[in-house]
Amino acid sequence: MKPRWAGLLLLIAVIGVLALLPMLVNNYWLRIATGALMWAGLACSWNILGGYAGYINFGHSAFFGLGAYVTALLMGDKLAWPFFATVPAGMVVTALFAIIIGAPTLRLRGAYFAIATWAFAEVLIQFASVMDFTGGIGGIGLPPFLDERFFYFAMFAAAALTYLITWALFERSRFGLKVKALRDHELAAEAMGINTSLVKLQTFVLSAVTASVFGAIFAYWVTFINPKSVFGGDITDQMVVMVLLGGLGSLWGPALGGVGLFVVNRLIWMYWGDTAFYIAILGAAIVLVVLFMPNGIASLFSRRAAKSGAVLDKAVGKLVGDDQGGPN
Amino acid sequence: MSVADGKTAGAGDPILVVRELYRHFGGIKAVNGVSLDVDRREIAGLIGPNGSGKSTLFNLVSGAVTPDRGQIRFDGHEIGGRKAHAIARLGLARTFQIPAMFDNMSVTENLLAAAAEGHWQGARERAAETLALLKLDHVADNRASDLSGGQQKLLEFGRVIMRQASLILLDEVTAGVHPNIRKIILEAIARLRERGITFLVIEHDMEMVRNVCDRIIVMDAGRVVASGSFNDIVRNSEVMQTYLGRPQ
Ligand SMILES: Nc1ncnc2c1ncn2[C@@H]1O[C@H](COP(=O)(O)OP(=O)(O)OP(=O)(O)O)[C@@H](O)[C@H]1O
Ligand SMILES: [Mg+2]
Chain A
1 MKPRWAGLLL LIAVIGVLAL LPMLVNNYWL RIATGALMWA GLACSWNILG GYAGYINFGH
61 SAFFGLGAYV TALLMGDKLA WPFFATVPAG MVVTALFAII IGAPTLRLRG AYFAIATWAF
121 AEVLIQFASV MDFTGGIGGI GLPPFLDERF FYFAMFAAAA LTYLITWALF ERSRFGLKVK
181 ALRDHELAAE AMGINTSLVK LQTFVLSAVT ASVFGAIFAY WVTFINPKSV FGGDITDQMV
241 VMVLLGGLGS LWGPALGGVG LFVVNRLIWM YWGDTAFYIA ILGAAIVLVV LFMPNGIASL
301 FSRRAAKSGA VLDKAVGKLV GDDQGGPN
Chain B
1 MSVADGKTAG AGDPILVVRE LYRHFGGIKA VNGVSLDVDR REIAGLIGPN GSGKSTLFNL
61 VSGAVTPDRG QIRFDGHEIG GRKAHAIARL GLARTFQIPA MFDNMSVTEN LLAAAAEGHW
121 QGARERAAET LALLKLDHVA DNRASDLSGG QQKLLEFGRV IMRQASLILL DEVTAGVHPN
181 IRKIILEAIA RLRERGITFL VIEHDMEMVR NVCDRIIVMD AGRVVASGSF NDIVRNSEVM
241 QTYLGRPQ
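Which chain is which? The protein sequence lines are A and B, in order.
Every letter in the first sequence is one number past the one before it in the working numbering, and letter 186, counting from 1, is 186.
Every letter in the second sequence is one number past the one before it in the working numbering, and letter 210, counting from 1, is 210.
Bound conformation, chain A alone (with noise of 0.2 angstroms):
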């Protein structure tokens, strides 16, 4: 079992390079590298649907945003509370409006689900604008606390917690048979025995749980966030794209797929001090993945890694809804 060595003993050298890297850059390159934790922990998350059930998340900031908001306003003057008491306060506001928006959707086609998410995040950036306690559209700051090697370290838990579970029941677990049975095939799953609408709901509540996590950290972290910060559809894009081009539904390609957007985001930052041409960066991988890559970078890399094209398909059958297509 050479490769299985080789692939472990690259882990424990990343792991290694990760907890020492506060030591080794600078406080610049250390914010580029807490962002490029974030990212890819956020593009594990909406790889934990869209890759391993086939549902696709259109309004996955709007996740995201709700753990931001509610460690803005539970920090805030008038609560007060600690940072590490909104996370998980956090993480239960977000499974109860994942529970709302999934229940009635996740039964029906892919579309429905797809639309119902979209919607959700562009009702909260409308709702988080006109409310007064949220700030409006001015936003909200929190208690400022300036230790980047803090918030380095709070990506990388989260980050390093996000892969390991998903690692664990996805990859390990007969709960990943489930959902990426019922990925395949909906029909021949419930024949199983699997009781999908469940299943499916439980993944989604775990993907947007554990996008809140990241938007909290976040939000502590830049001080300051507003509507489009954080609900913003950019964020859902970038997630998109980042699985898309490390290689849906497979465990490594969305961290693959998050670091190396998000390098090129801030590369480009650095040499034009505008990210337009990012945009353009991103509509351009997307063809490309699409077109000559469709089973993502993490294909290269491993045998075994999903063919993320053929999980791509699933993924879009469920959408026009041909999934079905007939119990014969």
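Each hint should be verified, as a subset may be incorrect.
Here are the computed lysine to any residue pairs in the SDA-like style, where the Cα-Cα straight-line distance is at most 20 angstroms [what the hints assert, rightly or not]:
| id | chain 1 | residue 1 | chain 2 | residue 2 |
| --- | --- | --- | --- | --- |
| 1 | B | Lys29 | B | Arg19 |
| 2 | B | Lys135 | B | Ser145 |
| 3 | B | Lys83 | B | Gly118 |
| 4 | B | Lys83 | B | Val17 |
| 5 | A | Lys78 | A | Gly138 |
| 6 | A | Lys228 | A | Asp274 |
| 7 | B | Lys83 | A | Gln202 |
| 8 | B | Lys83 | B | Ser106 |
| 9 | A | Lys228 | A | Leu108 |
| 10 | B | Lys83 | A | Pro104 |
| 11 | A | Lys78 | A | Pro143 |
| 12 | A | Lys78 | A | Asn226 |
| 13 | A | Lys228 | A | Ala116 |
| 14 | B | Lys29 | B | Arg223 |
| 15 | B | Lys83 | A | Leu201 |
| 16 | A | Lys78 | A | Thr134 |
| 17 | B | Lys29 | B | Arg69 |
| 18 | B | Lys183 | B | Gln97 |
| 19 | B | Lys83 | A | Ala116 |
| 20 | B | Lys83 | A | Arg107 |
| 21 | A | Lys228 | A | Ile137 |
| 22 | B | Lys83 | A | Val130 |
| 23 | B | Lys83 | A | Ser302 |
| 24 | A | Lys228 | A | Ala119 |
| 25 | A | Lys78 | A | Pro88 |
| 26 | B | Lys83 | A | Arg109 |
| 27 | B | Lys135 | B | Lys183 |
| 28 | B | Lys29 | B | Thr66 |
| 29 | B | Lys83 | A | Ala103 |
| 30 | B | Lys83 | A | Asn195 |
Treat the hints as calculated values from the structure; they're not laboratory data.
With chain A fixed as given, assemble chain B with the ligands onto it according to the hints.
Relative to chain A, chain B with the ligands alone:
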């Protein structure tokens, strides 16, 4: 034999009881008043021309399609209109006429997924046994979508074995497969029957029906039109001409 219903005479406690079952699709009367019984430990064959409603009957019994009206009782439970997964958990398993693979999962994972809900204890060992029984060991790690059509039929059958069901519905599992694969499936059916499992099988191949089935139920145009032993059915020249006289 009793023409025009699928009930057996005087048998004790049937595992499956269907009464006056209806399901129409628009103007198509796919299942139009079906009543039948399947006794414990028998292998009942379900035959009939294309479009006579056989697969729809399977879909109704397994919960993939909801009935318009009628009763379905499985192992003492009223299951008409229940969710497919709930029916499966009661011990009913079925295959699909068009193989319904978990395409992006390996052959082994397909088998394990079938056991993920229910009998998970020892699932890995049973998956290995099933692979050996169906002679699929050499493709155990292949993606299901990469299998040949015949191998996919075998895997359909293998998943059903993993369910450890008491009633198995097979929808043309041997249709269009190589004789070697057919032989593997027939042997596996014989093995399972020794364990007391009941089968209801849709078959077009009369040779197979004759060799495997204890009793035959004939459907036409959404109704059961005859039931009895193979010889009964064959002797009934009306049934033969109307329903079996077509080229196979
Ligand atoms: N989901 C559906 N929607 C509309 N019509 C359907 C549906 N399922 C089955 N039918 C129709 O119901 C009728 C019975 O179909 P069914 O598949 O049950 O027949 P069958 O006996 O299994 O035929 P075959 O031997 O060809 O498999 C056909 O006319 C079919 O087109
Ligand atoms: Mg059929």
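Hint-by-hint comparison with the structure:
1. Among the hinted pairs, lysine 29 of chain B with arginine 19 of chain B is consistent with the structure: their alpha-carbon atoms are about 16 angstroms apart, no more than 20 angstroms.
2. Distance check on the hinted pair: lysine 135 of chain B and serine 145 of chain B sit about 18 angstroms apart at the alpha-carbon level, within 20 angstroms; holds.
3. This hinted pair checks out: lysine 83 of chain B and glycine 118 of chain B have alpha carbons roughly 16 angstroms apart, not beyond 20 angstroms.
4. For the suggested pair lysine 83 of chain B and valine 17 of chain B, the alpha carbons sit about 18 angstroms apart, so the restraint of at most 20 angstroms is met.
5. Simply put, lysine 78 of chain A and glycine 138 of chain A have alpha-carbon atoms about 19 angstroms apart, close enough for the 20 angstroms limit, and the pair holds.
6. For the proposed pair lysine 228 of chain A and aspartate 274 of chain A, the alpha carbon gap of about 18 angstroms is at most 20 angstroms, so the pair holds.
7. Pair hint lysine 83 of chain B plus glutamine 202 of chain A holds up; C-alpha atoms about 18 angstroms apart against a cutoff of 20 angstroms.
8. At most 20 angstroms may separate the alpha-carbon atoms for a hinted pair to count; lysine 83 of chain B and serine 106 of chain B exceed this at roughly 27 angstroms.
9. A C-alpha spacing of about 29 angstroms is found between lysine 228 of chain A and leucine 108 of chain A, which places the hinted pair above 20 angstroms, so the restraint is violated.
10. A threshold of 20 angstroms between alpha carbons decides the hint, and for lysine 83 of chain B with proline 104 of chain A the separation of about 16 angstroms falls inside it, so the pair holds.
11. Taken as a hint, the lysine 78 of chain A and proline 143 of chain A pair is honoured in the structure, with Cα atoms around 12 angstroms apart against an allowance of 20 angstroms.
12. Note on lysine 78 of chain A and asparagine 226 of chain A: the hinted pairing holds, with a Cα-Cα distance of about 19 angstroms set against a maximum of 20 angstroms.
13. Our distance criterion of 20 angstroms between C-alpha atoms is met by lysine 228 of chain A and alanine 116 of chain A, whose separation comes to about 19 angstroms.
14. The suggested pairing of lysine 29 of chain B with arginine 223 of chain B holds, with an alpha-carbon distance near 9 angstroms, which does not exceed 20 angstroms.
15. Between the alpha carbons of lysine 83 of chain B and leucine 201 of chain A the distance comes to roughly 17 angstroms, so the proposed pair stays at or under 20 angstroms and holds.
16. Annotation: proposed proximity of lysine 78 of chain A to threonine 134 of chain A holds, straight-line Cα distance about 13 angstroms (limit 20 angstroms).
17. Taking the CA atoms of lysine 29 of chain B and arginine 69 of chain B, the gap is near 13 angstroms; set against the 20 angstroms cutoff, the hint holds.
18. A threshold of 20 angstroms between alpha carbons decides the hint, and for lysine 183 of chain B with glutamine 97 of chain B the separation of about 18 angstroms falls inside it, so the pair holds.
19. Under the criterion of a C-alpha separation no larger than 20 angstroms, the hint pairing lysine 83 of chain B with alanine 116 of chain A is inconsistent with the structure, at around 25 angstroms.
20. Straight-line distance between C-alpha atoms of lysine 83 of chain B and arginine 107 of chain A comes to about 12 angstroms, which keeps the hinted pair within the 20 angstroms bound.
21. A C-alpha spacing of about 8 angstroms is found between lysine 228 of chain A and isoleucine 137 of chain A, which places the hinted pair at or below 20 angstroms, so the restraint holds.
22. Distance restraint check for lysine 83 of chain B and valine 130 of chain A: the Cα-Cα separation of roughly 43 angstroms exceeds the 20 angstroms cut-off, and the hinted pair is therefore not satisfied.
23. For a cut-off of 20 angstroms, the pair hint linking lysine 83 of chain B to serine 302 of chain A is broken: about 39 angstroms separates their Cα positions.
24. With a C-alpha separation of about 15 angstroms, the suggested pair lysine 228 of chain A and alanine 119 of chain A falls inside the 20 angstroms cut-off, and the hint holds.
25. The suggested pairing of lysine 78 of chain A with proline 88 of chain A holds, with an alpha-carbon distance near 19 angstroms, which does not exceed 20 angstroms.
26. A C-alpha spacing of about 17 angstroms is found between lysine 83 of chain B and arginine 109 of chain A, which places the hinted pair at or below 20 angstroms, so the restraint holds.
27. Only pairs whose Cα atoms come within 20 angstroms are accepted, and lysine 135 of chain B paired with lysine 183 of chain B is accepted, the gap being roughly 11 angstroms.
28. This hinted pair checks out: lysine 29 of chain B and threonine 66 of chain B have alpha carbons roughly 14 angstroms apart, not beyond 20 angstroms.
29. For the proposed pair lysine 83 of chain B and alanine 103 of chain A, the alpha carbon gap of about 16 angstroms is at most 20 angstroms, so the pair holds.
30. Annotation: proposed proximity of lysine 83 of chain B to asparagine 195 of chain A holds, straight-line Cα distance about 9 angstroms (limit 20 angstroms).
Hint check: violations occur at hints 8, 9, 19, 22 and 23; the rest are consistent with the structure.
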